[in-house]
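Residue numbers (the working numbering), protein chains in the order written: chain W, 666 to 1083; chain B, 30 to 535; chain S, -3 to 81.
Errors might be hidden in some of the hints.
Pairs of lysine-lysine, DSSO-like flavour, derived with a Cα cap of 30 Å [said to hold, decoys possible]:
id : chain 1 : residue 1 : chain 2 : residue 2
1  : W       : Lys908    : W       : Lys927
2  : W       : Lys1030   : B       : Lys259
3  : B       : Lys160    : W       : Lys979
4  : B       : Lys259    : B       : Lys160
5  : W       : Lys1021   : B       : Lys160
6  : W       : Lys961    : B       : Lys259
7  : W       : Lys1016   : B       : Lys160
8  : W       : Lys1021   : B       : Lys167
9  : B       : Lys240    : W       : Lys1030
10 : W       : Lys1030   : B       : Lys160
11 : B       : Lys167    : W       : Lys994
12 : B       : Lys167    : W       : Lys979
Think of the hints as simulated: they come from the structure by calculation, not from any bench.
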Amino acid sequence: MTDLVPLPDPTVHSEAGSSTEEFVAEWRNAAYNCFSSGHKFCREVCPVTQVTRNETWTPTAFHANVVAMEQGDLTIEDVAADYVNCTGCGACELRCPNTLYTGDFYRFRTRTVDLVKGVRALAVENGIHQPGWQRWNELTDQRTHEPVLGEQPVGQDQVRDWADGLNIPIGGENILFVDCEAAFYRTSVPRAVAQMLQLGGYEFGLMQEQWCCGGPAAEMGYVDQAKRFARHNLDNWHASGAKRILVLDPHDYISFTEDYPKYFGAEFDLEVVLVIEIFAEMIRDGRLTPHVPIEKAITYHDPCRLNKRKGIWKEPREILRAIPGLDFKDVDRVTQWSYCSGGGGGLPIEKPELTKRISDVRIGKAAELEVDTLVSACPWSERPLSASGDEQNIDVTDLHELLAESLGITVGGRRGDT
Amino acid sequence: MTVTESLAQHVVDSLVAELAPVLGDEHVLTSKTARWNRARVPAPFPVHRWSERVPDLVVLPASTEEVAHVVRVANKYSVAIVPRDGGTGLTDGAVPERRGIVVDVKRMNQIHEIDLENGTCTVGVGINMLKLNEVLGKHGFIYPDDPASYPCSLIGGRIGTSGWSLVGSRYGHSRDLVLSFDMVLPTGETITVGDGGGQKLTKSSSGYQLKHLFMGHQGTLGIATRATLKLFPKPEAEFSPFWAFADYETAYRAVGALPRAGVATFAGAVLFDEWKVDYLRRDDEAYIPQPSSVKALVCAVAYGNEDEVRAGGRRLMRIARDLGARYLGDEISEGDWAARHDRYATPLHGRTRNGQVAPMSWHCEDAAINYTRLPAVRVAWHGILDRLRRDYDVFDDWGMFAYTSGNTGLDYLTEIDVGIWEQELDDRAWAAWVDAKREIAAVSLAHGGSISACHGSCREGEVDLVPEELGGAYEVMLKIKRALDPNNVMNPGKYGLDRAYRTEDS
Amino acid sequence: MAYRYDEQSTPPAAEQVTDVAITRFEHVFEVDPRLMAEHVTQQTFPNWDTLRIVRSRTDHLAWMHAHWCTTVVSGEELLAELDAE
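The shape of chain W in the complex, shown without the other chains (with noise of 0.2 Å):
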């Protein structure tokens, strides 16, 4: 056993600095680290930059501009509009060798979606604003829920709608939480899940006073009301007696594992759980048996924060092949690192037009298969998807969706259009 420097203590690492010179610092290695590399392999997988060709808003770009203002060459004022061009998706830092190869070895790799999340942090505290996000976080914060719908109402008063007759009680060891998106956009999604939970006898219920995770105000640089956000969320699970919070969105399962963890450390004493897991666990058990068959020509959309930033890909597939009837086209998962659907990020927001030419490509990808599906597993990617696939006739459905509907589950709600 060697004498091991410690792994350095979360809670004290910051979102951002509170000016230049501290955000330089703490990033200043990361970003020389890419940008002394040069390799550039984020490229070709990003999905802006796939559209766009444009390097300036290439991942390694996002390091550079780093180190320019480690320079004393660019400020926050001349990159903060850049970073608003990026979905999050983690292709960039998965592909890039200082990851995939000397990551794990060193302890150290490249971490384009934090450094993203940091700049757009330090340009909110330098007052530099991006309308459409300051807007939506502003009514965020006066919802406790995104404004998914527009000006129609989203709040306490409507975020357990979706749960209409399906008697799920309040409170309990497990939690379901349900994302702004699916808790009033998409609510089959949610209702799906829900129902398929309560034939497989998993015991649960639903928060108290659900927030939205804050997970996007922290993607979008609002990381004081993204805190703010996560604290009622804790506090209210830890009221409650909550011991495991069930996810069936990748975004809030980023949030619950890596955003709440920064931020609590310890405290953060919960059990996370991805629903999907507990869906395969109960079809390999038999607890779960698909059953009606779905005839239908699919390929499956690895969503990005599942795939490429979890490693998760596996489950989906097998609860794919436990479907009857489906005549399943897959495409690899490492092939679907460049792929996205562009809802991520905050990018919607702010450029819907690129969101729609990155969802463009990847149901273009689906066509060439001669599919007349495509199967996501992520509520926040299936809006662009839908509205690419509506030109292209090709149908988005949502994995619980497909499941429930095999299950025999009559799954009610909405499939998104308001």
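Keeping the supplied structure of chain W fixed, place chains B and S upon it in accordance with the hints.
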């Protein structure tokens, strides 16, 4: 070195006014981030001097016609133009040494045609080989141009640098694989360059053979925009044995014997010297556990039909075994080879003299050296690096490779990798490095080699020796440059080509 | 893969492998952390992230083989054939 002043704002405004109506406002960029990020290539350079090479504006054309328009405007205003594609080159061809307009051609990444009958495809030069092969693979084809930047470098850069391919001993290098291309000349005219007048020919004797001239010029003779490429059947099988040797000399014999065996599927062999093995022991999972008796490595690779690869592979295995090599096993062999398609160095390989990890940039020397001269070049180069590292704790010797350039074992891409800690690289250390590069290049020439087998030889230091290397041919280069680029707008400052304009100007 | 902070933030015990490398997870080498004390310090690395990278690397290398060819010929097989001659 003199630093070029930025253009006056009114000139930039005039350029934008001429360019934007044709290219679209969103494709003429003047923001600082747009410009700073087009001044970067992987070749090490002192970070504190980054701003010296920042262009005045950046354009993102979408067609040959748009490129031609940019070139004509640049001539009108006598402003420098610097072609840029992937920006992954290990020399500095894409660096705007005289500022001006960077012509970034990445938007031209369409596949225009796949000719399944003749086995060609025609693409925009902004496309990447891996991405292209994802499409070609569905048709059973491959475009086997395979640099270590295979997943990120782009066709235009391969043309501009006349790239070298890891599997070139089997399939040829960029110059063999690119059949023809459209080229916007420094005065704005467009020509098609290839073998003869056809665009899909591998051999013609009609007229001057200009294809070589317009490949590897580092953007000093124009901008390629669209290229027709030679395709091969996607190989059925691959074989990539790695062997350990107890001494350099035996490994050296092996890396000569393998190509000389005449195996038709042979695609390349690589020699790793003792410094390289030590370097790999720092952080490579395949080599950390190797016993200290391992002093050198050799790998070979073969591609083709499975029966032929197996038969040839048996011959290669016998050669290595008879020389006393130890086969490292399938797991290491397959894993290491698969990683060589994207084997750029990573900064944390760097170590200071006391063994601490320091983030270092990668400099890669890439001389072309005959087989018989490899041992002597190796000794001389490590000597240069040893002196440098003793004087400055910002340099690190990452060892040497020798790769077959062809299938007969005649000449080798001879590489010494150097870690350079740019964060700490002051002007004194940089000057010492430039001197060292001159010395490294001089060793190559003294042994009858060429300064560069794949990247180009226009980096500071080594570039001074190019006239010596080329002799009278360099004078012809100057005449060609002057004839084709009368206003010296096309990537000025490279290869000492300013000399072409001195007589009359001075 | 249920996530728990305490599990994920406690890496397995380290064993020294060479002067400069250790191992914590089976078949996964890491730098001896003493080498990252001066110029670059290590990042917070939950266990899942180490394993994600290791598995992704394996997947990527397998993908690269499939990208270039259909089959990979085994040197061990060829050597066994030669030795049997």
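How the hints compare with the structure:
1. Our distance criterion of 30 Å between C-alpha atoms is met by W:Lys908 and W:Lys927, whose separation comes to about 19 Å.
2. Between W:Lys1030 and B:Lys259 the alpha-carbon distance is near 26 Å, which keeps this suggested pair within the 30 Å criterion.
3. Taken as a hint, the B:Lys160 and W:Lys979 pair is honoured in the structure, with Cα atoms around 25 Å apart against an allowance of 30 Å.
4. Proposed proximity of B:Lys259 and B:Lys160 is supported: the alpha carbons are some 16 Å apart, at most 30 Å.
5. Distance check on the hinted pair: W:Lys1021 and B:Lys160 sit about 21 Å apart at the alpha-carbon level, within 30 Å; holds.
6. The suggested pairing of W:Lys961 with B:Lys259 is violated, with an alpha-carbon distance near 39 Å, which exceeds 30 Å.
7. Among the hinted pairs, W:Lys1016 with B:Lys160 is consistent with the structure: their alpha-carbon atoms are about 26 Å apart, no more than 30 Å.
8. At most 30 Å may separate the alpha-carbon atoms for a hinted pair to count; W:Lys1021 and B:Lys167 meet this at roughly 27 Å.
9. Between B:Lys240 and W:Lys1030 the CA atoms are separated by roughly 36 Å; this puts the pair beyond 30 Å, and the hint is violated.
10. The straight-line distance between the Cα atoms of W:Lys1030 and B:Lys160 is roughly 13 Å, inside the 30 Å bound, and the hint therefore holds.
11. Between B:Lys167 and W:Lys994, the direct Cα distance comes to roughly 15 Å. Compliance with the 30 Å bound is thereby established for this hinted pair.
12. A threshold of 30 Å between alpha carbons decides the hint, and for B:Lys167 with W:Lys979 the separation of about 24 Å falls inside it, so the pair holds.
The structure shown violates the earlier hints numbered 6 and 9.
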